[in-house]
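Given only the sequences and the hints, what does the whole structure look like? Please build it.
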Amino acid sequence: MAVVGGLDLSRRTNPTNNPRRGSGRTDAELPDLGRWVRRVREHRELSRPEAAGLLNISYELLRKIEYGTAPCTVAVLEQMITTYELNPAQARHRRDLVRAPVPLDPVEELRTRLSDRDHLSTLSSLDERGFIGAYIDPLWSLVHANKRFRSELPGIDYYDDNVSLWFFHQPHRS
49 MAVVGGLDLS RRTNPTNNPR RGSGRTDAEL PDLGRWVRRV REHRELSRPE
99 AAGLLNISYE LLRKIEYGTA PCTVAVLEQM ITTYELNPAQ ARHRRDLVRA
149 PVPLDPVEEL RTRLSDRDHL STLSSLDERG FIGAYIDPLW SLVHANKRFR
199 SELPGIDYYD DNVSLWFFHQ PHRS
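Read in the numbering used here, the sequence shown has 77 at position 29, and its numbers run on one by one without any break.
It should be emphasised that the hints constitute simulated quantities derived from the structure, not laboratory data.
Virtual Cβ for every residue (Gly too), placed ideally from N, Cα, C.
Please note that the accuracy of each hint is not assured.
Pair ranges (Cβ atoms, derived) [unchecked claim]:
| id | residue 1 | residue 2 | range |
| --- | --- | --- | --- |
| 1 | S95 | E157 | 40 to 50 angstroms |
| 2 | R111 | D164 | 47 to 57 angstroms |
| 3 | N104 | N135 | 17 to 27 angstroms |
Written out as structure tokens, the structure reads:
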């Protein structure tokens, strides 16, 4: 469970207990400003009209920001940070959510680039010495991994070889 400032950010809108390979299996979502704004408001037990009043914005604008149909200005964002009394880490996260996304190369392209003999032999060498080894992209998708790595993360293929999805969707073990 990912908890930030008392908020459970790992909650999914439509959880799936047994995801399978293919479309619609995990409903995992990348964080966005609208969901974050709504969750903070709900965590503070404020109705949308109450929050809009505290933020000095219209109910309709807050609704549009929460649904992602209207952009959030810097002034409104800063007002939210102040009004909701966010700590520095939460404020930074919220500001990051407003920034434009950085385009990343697709995993398939990274796999073709990292398929040279040196990369694969490094993974084999680690395997022979009993170490796990993997090349992972910024979104925690496996580009290449050795056998030991895969044996330590059973079922990762069900999560499209994504380490974070595997980690956060594992059943709790005692």
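Evaluated hints:
At roughly 46 angstroms, the beta-carbon separation of S95 and E157 lies within the given 40 to 50 angstroms, and the hint holds. Checked against the given bound of 47 to 57 angstroms, the beta carbons of R111 and D164, roughly 51 angstroms apart, stay inside it. One distance hint, 17 to 27 angstroms for the beta-carbon pair N104 and N135, holds here, with the actual separation near 22 angstroms.
Checked against the numbered hints given earlier, this structure breaks none of them.
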